[in-house]
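Chemist: As a plain string of letters, each chain reads:
Number of protein chains: 2
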Amino acid sequence: MFVTTIYGKNDVRYEEAPDPQLSTGTDAIVKVVASCVCGSDLWRYRGVQPVKEPTRIGHEFVGIVESIGDRVGKIKVGDFVIASFYDCDMTCINCRNGFSTSCLERGAWGARDHFGAFADGGQGEYVRVPHADGTLVATPEQPSEELIPQLLTLADVFGTGHHAAISAGVTQGSNVVVVGDGAVGLSGVLAASRLGAARIVLMSRHADRQNLGRDFGATDIVAERGDDGIAAVTALFDGIGADAVLECVGTKESMDQALRSARPGGQVGFVGVPAGGAELPISQLFRSNVGVRGGVAPVRNYIDELLPEVWNGSLTPGRVFDLTLPLSEVAEAYAAMDERRAIKVLLQP
Amino acid sequence: MFVTTIYGKNDVRYEEAPDPQLSTGTDAIVKVVASCVCGSDLWRYRGVQPVKEPTRIGHEFVGIVESIGDRVGKIKVGDFVIASFYDCDMTCINCRNGFSTSCLERGAWGARDHFGAFADGGQGEYVRVPHADGTLVATPEQPSEELIPQLLTLADVFGTGHHAAISAGVTQGSNVVVVGDGAVGLSGVLAASRLGAARIVLMSRHADRQNLGRDFGATDIVAERGDDGIAAVTALFDGIGADAVLECVGTKESMDQALRSARPGGQVGFVGVPAGGAELPISQLFRSNVGVRGGVAPVRNYIDELLPEVWNGSLTPGRVFDLTLPLSEVAEAYAAMDERRAIKVLLQP
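These protein sequence lines map, in sequence, to chains A and B.
Residue 203 in full-length UniProt numbering sits at position 203 of the first sequence, with consecutive numbering throughout.
Residue 105 in full-length UniProt numbering sits at position 105 of the second sequence, with consecutive numbering throughout.
Source of the hints: derived by calculation from the structure; they are not laboratory data.
We put the CB at the ideal spot given by N, CA and C, even for glycine.
Careful, some of the hints might be misleading.
[Unchecked claim] Here are some of the chain A residues that sit facing chain B, going by a computed Cβ distance under 8 Å: (1) Phe99; (2) Thr101; (3) Val273; (4) Glu279; (5) Asn312; (6) Thr316; (7) Leu327.
[As the list claims (entries may be wrong)] Take a look, some chain B residues computed to stay more than 12 Å from chain A by CB distance: (8) Gly8; (9) Gln21; (10) Glu66; (11) Asp133; (12) Pro140; (13) Glu145; (14) Ala223; (15) Asp243; (16) Lys252; (17) Leu280; (18) Leu325.
From just these sequences and the hints, can you work out the full model?
Modeler: Shown next, in the form of structure tokens:
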């Protein structure tokens, strides 16, 4: 089969690899229908994270189940399935607590699973999925073409935006700020709107992202950053800041922006993968009583709640995909996202 | 009148100072009936925080209103009142949001108030209280002798323990760990118990504190610290840690203990004043989805909720006072707390 392998900075290749084989009894082979590139994939592509050896890449995909292990009970051959961006059993105590990202048998795509077998990367033609009954969610029936990008967002990006909103404590009537206008930030706008936020400020300097943000529910746009950005945000919220701030970038600057945009007693929900060196200033938090909560999003736990509204078309989170390419052009997909020519690229094997 | 002034490390003096005078129209003069020493007072006493010039000290007191400014409406001469450990108007947006510690007109004891007039320290015979209608809460009637220490805890220590529990998200059935067996930690045990925690582990190495902790609702005691302490705690909670952890110390070590005692997706409520240099490790929080929330406790906002149960005797948070001294022996009060001969010392002017 053809897959995507990252070799190093700016070096992503479409190449052949062995077909996956069932091996643990609880796994499944999925034929990928759609995959995509994540902002976090760019960290290795940009050289921010080193690539020690050629590594299979991609962790967001939907597809059709080709075969299943003999102990798979819920998932069936032929099912259209959404994979979460990690594998999990959904039976351990952390999964049951709502934090499947801390599954006691958690594994990652493009790596050895909990049992030592290989789980393929998501940017490929086929993927061996460990813990098929836990990791995969089957849709009610085969989806239409138009639904596929929408469903794909449940694998990571929309669930991650939702986690930012949940972690920030967004609820009916909240005043919200979203830091970051990438696909996750825009998903956070949609999630906050869905949760009933009264006012949503999107911090963005790009017209296309501002427009999509408005469609997703942003009521205000702030283009300034740093002190000017904070001044603009606090001016919108009684001079004190927002109830809930979604940090969807992961840099020291963006976290500072987020913390200082929250009102005393407000809450920052963060999902941006922390980019080195940024620790949280505890004295600042202590003085302001601003809470911080978030992390790697347990999207698998959110699919049951979010899928119905995506399936019936009332939510269209797939609008974050503004470019679709064949998987063979995966290198161009990375370049387009790296150069901000695209918000998020969908790949078709 | 006689007051307490801190001159520097290990140098607290009982000395004369001018009687306070009403000055802003919204203030009151309170004759102090009981005051006490706070763990945070020890920071200057121990030289951890420098004392730049002789400073009036003490921020917890109850007493009787002697006189009021002409614009004071709720508080009356003769009322028995509880002061919060800061002054606040209770009308600004932050006060209304539940965070009176961020009152837009907030002031501190032993310092100039928002209007530039002097607010006395709490460890003295009389205190001029700015924002009397906001800062002070009158009890339903004159309290009995036995009730006075109980009421005094609402000025800071019990409200601060309650804030730790609230910030950690303690609710009916929670599994809880309390880091710190000082008066605040013990108050946190009582607060968590009141909120319905199923199991409360107190980390303590002192028999007298362990005993009071048990009386306050601790179900388990862990004497170990560091890795051994964390291993003992996680073993008690399904191998994953507690839902809610109350950090009631403020050191780097205690915060580390707290963060690592929480389960994935758990929450740390922190009220220990951060002692220099401890920043929060964002990558660790990201991986575990452990939230952190807390800070300087808005105890004024909690008095309405907590007072009835203290007044009717169903809560006895005043048991944290294990030594009572006349105000003239305030230097001995500091020494007793510094040397851990007392958990918390009550002072009678």
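Chemist: Which of the stated hints cannot be reconciled with the structure, identified by number in ascending sequence?
Modeler: The structure breaks hints 5, 6, 7, 15, 16, 17; every other hint is satisfied.
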